[in-house]
Amino acid sequence: MGTLEIALRLGAATLAGVVLGLNRDLHGKSTGVRTLGLVCLGSALAVLSIHAVTGTDASRVIQGIVTGVGFLGAGVIVRGGTGHRVHGLTTAACVWVTACLGAACAIAEWQIVVLGIALVFVILIFGGPFEKAIEQRWPVPKSTDVGDKPPDRARMPGTD
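If you want the working numbering, it's the position in the sequence shown, counting the first as 1, plus 28.
Misleading hints may appear alongside valid ones.
[What the hints assert, rightly or not] Distance ranges between label pairs, derived from CB positions:
id: 1; residue 1: Leu32; residue 2: Thr118; range: 33 to 39 Å
id: 2; residue 1: Gly92; residue 2: Pro167; range: 39 to 45 Å
id: 3; residue 1: Val114; residue 2: Asp85; range: 32 to 38 Å
id: 4; residue 1: Glu33; residue 2: Val168; range: 49 to 55 Å
id: 5; residue 1: Leu32; residue 2: Ile105; range: 38 to 44 Å
id: 6; residue 1: Ile140; residue 2: Leu50; range: 19 to 25 Å
id: 7; residue 1: Phe154; residue 2: Gly56; range: 16 to 22 Å
id: 8; residue 1: Thr95; residue 2: Thr31; range: 26 to 32 Å
id: 9; residue 1: Ala35; residue 2: Thr95; range: 23 to 29 Å
Rather than coming from a laboratory, the hints here were simulated on the basis of the structure. Small disclaimer: the values here were computed from a predicted structure and weren't measured. Don't be surprised by glycine CBs; every beta carbon is placed ideally from N, CA and C.
Kindly produce the complete structure, drawing on both the sequences and the hints.
If you want it as structure tokens, here you go:
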């Protein structure tokens with residue numbers, strides 16, 4: 029693999045992370061252009077660097093990235109407020125997906141990269157309104173508070 033090919037793959041990974049990071053920045057989230065750009069670039073670097081080592085299994089490196097980035101994503105999940113509501117799950121998922129996109133750029137799976145970015149944007153743009161529409165149509169008591177007690181079944185109809 030030549031220098032131009034390596035530059036293309038690393039550049040594509042960085043661009044993919046920056047594009048997703050821009051969305052997060054525009055929505056005031058804790059990770060943005062720099063974080064997601066670096067996560068995507070780092071994943072691509074890790075996968076590409078094993079190319080020079082013969083006999084190394086790329087799937088093990090990718091497995092390590094997927095697992096390790098989970099810890100970084102956990103850092104953006106926050107409990108706060110009086111009810112200890114959990115926030116940042118979507119942003120944490122974006123960190124994880126960005127790492128996967130970086131790995132896909134490194135192995136030049138361009139269809140996966142393009143479709144992956146498109147699907148991430150579909151979810152980020154339409155996921156929230158879709159969830160709200162579902163919750164309005166079929167209201168269900170939803171517990172996102174840490175330590176919530178289960179509903180009192182003695183008061184629910186049909187549980188006499």
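Now for the hints, and whether the structure bears them out:
1. A hinted range of 33 to 39 Å holds for the C-beta pair Leu32 and Thr118, which are about 36 Å apart.
2. The beta-carbon spacing between Gly92 and Pro167, approximately 42 Å, falls within the hinted interval of 39 to 45 Å.
3. At about 36 Å, the beta-carbon gap between Val114 and Asp85 stays in the expected band of 32 to 38 Å.
4. Separation of Glu33 from Val168 is about 51 Å and conforms to the stated range, judged on CB atoms against 49 to 55 Å.
5. Between Leu32 and Ile105 the beta carbons are some 39 Å apart, a value that agrees with the proposed interval 38 to 44 Å.
6. For the hinted restraint 19 to 25 Å between Ile140 and Leu50, the CB-CB distance of approximately 21 Å keeps it satisfied.
7. Checked against the hint of 16 to 22 Å, the C-beta distance between Phe154 and Gly56 comes to roughly 19 Å, which is consistent with it.
8. Our hint of 26 to 32 Å for Thr95 and Thr31 holds, since their Cβ atoms are close to 30 Å apart.
9. Taking the beta carbon of each, Ala35 and Thr95 are about 28 Å apart, inside 23 to 29 Å as hinted.
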